[in-house]
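Number of protein chains: 4
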Amino acid sequence: MIVVMESHATQQQVEAAIKKVAELGLRSNVIVGTERTVIAVVGEEREHAKEVLEVCEGVSTVMPILAPYKMASREVRGEPTVIDCQGFRAGGTQIGVIAGPCSVESEDQIVTSARSVKAAGATALRGGAFKPRTSPYSFQGLKETGLKMLAAARDETGLAVVTEVVSTEDVELVARYSDILQVGARNMQNYRLLEAVGNVDRPVLLKRGPSATMDEFLLAAEYILNEGNQRVMLCERGIRTFESHTRFTLPLASVPYLHRKTHLPVIIDPSHGTGHTYLVPDMAMAAVAAGADGLIVEVHPDPQNAASDGYQSLDFAGFSEMMDRCRRVAGALDRTLGGPHA
Amino acid sequence: MIVVMESHATQQQVEAAIKKVAELGLRSNVIVGTERTVIAVVGEEREHAKEVLEVCEGVSTVMPILAPYKMASREVRGEPTVIDCQGFRAGGTQIGVIAGPCSVESEDQIVTSARSVKAAGATALRGGAFKPRTSPYSFQGLKETGLKMLAAARDETGLAVVTEVVSTEDVELVARYSDILQVGARNMQNYRLLEAVGNVDRPVLLKRGPSATMDEFLLAAEYILNEGNQRVMLCERGIRTFESHTRFTLPLASVPYLHRKTHLPVIIDPSHGTGHTYLVPDMAMAAVAAGADGLIVEVHPDPQNAASDGYQSLDFAGFSEMMDRCRRVAGALDRTLGGPHA
Amino acid sequence: MIVVMESHATQQQVEAAIKKVAELGLRSNVIVGTERTVIAVVGEEREHAKEVLEVCEGVSTVMPILAPYKMASREVRGEPTVIDCQGFRAGGTQIGVIAGPCSVESEDQIVTSARSVKAAGATALRGGAFKPRTSPYSFQGLKETGLKMLAAARDETGLAVVTEVVSTEDVELVARYSDILQVGARNMQNYRLLEAVGNVDRPVLLKRGPSATMDEFLLAAEYILNEGNQRVMLCERGIRTFESHTRFTLPLASVPYLHRKTHLPVIIDPSHGTGHTYLVPDMAMAAVAAGADGLIVEVHPDPQNAASDGYQSLDFAGFSEMMDRCRRVAGALDRTLGGPHA
Amino acid sequence: MIVVMESHATQQQVEAAIKKVAELGLRSNVIVGTERTVIAVVGEEREHAKEVLEVCEGVSTVMPILAPYKMASREVRGEPTVIDCQGFRAGGTQIGVIAGPCSVESEDQIVTSARSVKAAGATALRGGAFKPRTSPYSFQGLKETGLKMLAAARDETGLAVVTEVVSTEDVELVARYSDILQVGARNMQNYRLLEAVGNVDRPVLLKRGPSATMDEFLLAAEYILNEGNQRVMLCERGIRTFESHTRFTLPLASVPYLHRKTHLPVIIDPSHGTGHTYLVPDMAMAAVAAGADGLIVEVHPDPQNAASDGYQSLDFAGFSEMMDRCRRVAGALDRTLGGPHA
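Those protein sequences? They're chains L, X, Y and E, same order as listed. To get our numbering, take the position in the first sequence, counting from 1, and add 1221. To get our numbering, take the position in the second sequence, counting from 1, and add 1221. To get our numbering, take the position in the third sequence, counting from 1, and add 1221. To get our numbering, take the position in the fourth sequence, counting from 1, and add 1221.
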């Protein structure tokens, strides 16, 4: 941590800051510059220390040196974490593919979807039973009935089931019917929920909040890891920017950035990341080329009649074609995408 | 709702879209333009109708005409809602002032704070007992012990107590000890929590999420109103932008904008909205001048030793001076700020 | 400057970085931390040094300590710069008011506008003769003819004339007819233009680019100051964010921030900063309360028939009322707004 | 264009708006909805009409239906524009590759760079002679001397030369020595410069401003097209967002979006788009997979000693490896990247 003093800071203020550093159990190295004095602080950096030093009189700014997350850090664990769950593999050279409708609407819809996405090479099935919706007047999901339909689709196809959990009360219920728990973007900083999924024996797909910084994203993962659940996947699904021609802006540089900072696998969601069906396949291919460990894509038997997110869903033919193209990109880079396909 | 067809849309596609409009129970007015056909859709607009029409073939875009929220809308209720709770008043010509530390740290700290902010004219006391923190390694609050200390401060001063609730499980507990429930920015789209506070007989201070649009913010309020709780205050606390010299960017135009769109009172948080103590008083004055119905300000007996947010907290003298200046601005515009003061 | 090494940097890499520091004529202080080594670099910081050190092997990041601007800095000149130009005063306790139409449309329009805004207390007249427009198909301004009309309005009212210059070729021409040169937001980083206005004996109103950081904004001012022209005013006119209910987001915290960092006066543009007439007066008042040294406001005799920007222009009555309210806010804070008024 | 009236608009206000529409030479279709009246306006939409109608009393908002650009539009010209200039080809199945140092530093540096990037398969050489720099104290380029060095590199290798022009005065000079003119991001809305390059017989590489919307970007291109120069390439180089772990956020969805809206080729700049050398290759591959028509990449013989942008430059070996990988991705998608290579 570097404590930068104001240019007009007094000697007394510098000394007071040094004293504070000592009280925090840290050591000070004082460097007197041409215009300012800075104090380099040595020892284990903690969030609180930064806050305390920031408010000392005469302190201009405090710059942390170390990343605030620990267990998620590449420095703690050099090897990439590979998620391996019922045929779904993400990490290393394997690119997992999660596909399916935004919402579970009926048993027929979800079973048909599962069969089709499996035939195209998907290795997990997505489908929402508990839907967090912007408006209270929108369809909120089939809840436990939907979970049962997901389980039926898994029984039928063997695909791992990925579904969202929106509340601590539901964690146990959702875990009973599914294989991978999704924490949605709106709940990325719902810390109670993070702790709850951190205590369950299920991999977690954690979506980045649309205005979360990378440090905040990794600290959210840290909440889960810190409870003992080491199987966390990070999902980039787009950030909020001034751009309005896409619903969100999908920053694929997150992939190589996160690969450098963390051992956790990185999944890309080109459906939410663009918000328009016609943009999804190109961005899925780009994600594979950028090194993503997985994709999560909205696919619906009949997007024009979907209960939600039809505007960003592929139909089966579109998904199948997208998979063919993504597979070619993966192959060109010596990686394997999804599972066996028809 | 306006359905804009692609310029190359076929007659069949136009007809299919019209048919879909009819299926939704709405009426179509077709306008054939020089380059495109548009369909003006008449009837009660619903989120779902937009989604359905958006995915029809040949449709370029769907533009909603009506606001997606209803009960929050000024068109539904013309008169401004005034929150009146134990001496705290916000709305109309009255500007409520909520002040106090970020976190409750001890009974002495919170009682002293309550006395001091009351003396300076505050009409409610803030203090966090359940703290949502970015890092799992940061101080998480005193929980029920903290709530009891807040209640003690209220007994001592008569100030209304405002405190955050972060989870549905805690709503009843927090409501027992406090007068106004705060839903934090990170939980603005935690819909279960919104529903829970919508079922409690307490005013709610709803903070805007840092990347929430105004429609999303008002729809979050709608979740609460829709459960029956009409006493909702909207709190602007800054949005996330590319600016890094402030922690968030505080857009004060939210005040007149929201006053035009909704009857709910608008509270400004200059502490989180700037993230630096020295910027707080000027932005508090600006908020009053912009027409805010209330302020929420972090004040700590000793910011340099605060458990959290010291860098954006005022000390008692600073708060008292800020209040004097805000009162002068309010007076110049024929409004009343806070309560009686020493 | 603080050079932070990677946690796995070798001793050789640290030594190479130290050698590079020496080559730059700077001194190194090496601090070996628990997880990383950092090198505190002492000496005059230059942009180039940062770039050079950033690319040394084993270097993780380089954090500058000093502001990159010099002449604009409060540390170089403690006293606020006051602009005093033909009755227009901005800085210290004086709040200058620049008002007038977006574009000069006719002599009658601009002279009438000048008279009216003067009667309401404005101390300078704005009006565009060279208009940078987003579309090549929009009205581009009356050019020299418009400049002559502005000069006529000045002759008639004595108001200082503020007008935009968009190209180095026009600087001399525009300076001939006007008192204060405006550099628009789109040209904030048109460095040739900045140099050109830096060589003219006219105060410059420099508008912040909608995505410029504060450092970039102050460095743009530095280009002007560096050429010898010390009379620079900084104009905050809103930044581009995800918000779409306003055209730009107007961050008033720029006022106290800039007052702390620079001696240059800060002018607020609530017209471009909001993009909607009905938001302008409240934001003008807020700007005054936040400590702005001046306002620049679009006022048109007949906004419904304006050649440009009608949607954000006040009419004379609206401007006059806004001025009354702003004057009350200024008075409450012991400041003086604009000039004598009818 | 759709004119949406306020819900409380009077019949008189509706009629006044209809009258205004007629005055603009357009036709009105009035649709009386359940809550509001809307007027669908038919005829050629012009920017000015929107502005005029927006300020009519009782009008809530005006929504354009047509894109504001014409000549850049896919609707005007269905076939993709292919730029073919001295061996550099971009558009259709051909992916052009522009590579070279940020700044021209010496003849040896630029000639060596040209040879190396050509050997790796680049089809054009980049190199800045006129450098727009954020700080007046940074290296500003070798100017005409640099242009001569670029010409020497072209003579040596046959590569097309791409270099930036920052001022109208320099257009002729820069065109004399180079093959493709670059307009930088900071000058995207320097309309005089756009007009000037629109009058020169050279292809133009137009970089997106970091806060430009797509409509603004295409309207900037329209300025060039409108002067008669049809050879415009659009370069996405990243936008400014809240993300700070990259210098800019590179939104690759711009590629398929622009391909749908315009016939102009789309070039991606992964160097400026990320700001960090280690992120460049993965984003270059992703750009190819997303369908980009070209790449522009910073390559320097010795990034650690570059005069500028070393932190985002590849060395020759790194560039060569990147090209190999990009070529494999292009091949997998039946496209051709760059030229012959060693």
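Think of the hints as simulated: they come from the structure by calculation, not from any bench. Keep in mind the model is a prediction, meaning the values are calculated, not measured. Errors might be hidden in some of the hints.
What the hints assert, rightly or not - Pairs of lysine-lysine, BS3-like flavour, derived with a Cα cap of 30 Å:
1. K1291/E x K1364/Y
2. K1482/X x K1271/X
3. K1291/X x K1271/E
4. K1364/Y x K1482/L
Quick rundown of the hints versus the structure:
no.	hint	verdict
1	K1291/E x K1364/Y	26 Å, holds
2	K1482/X x K1271/X	21 Å, holds
3	K1291/X x K1271/E	28 Å, holds
4	K1364/Y x K1482/L	55 Å, violated
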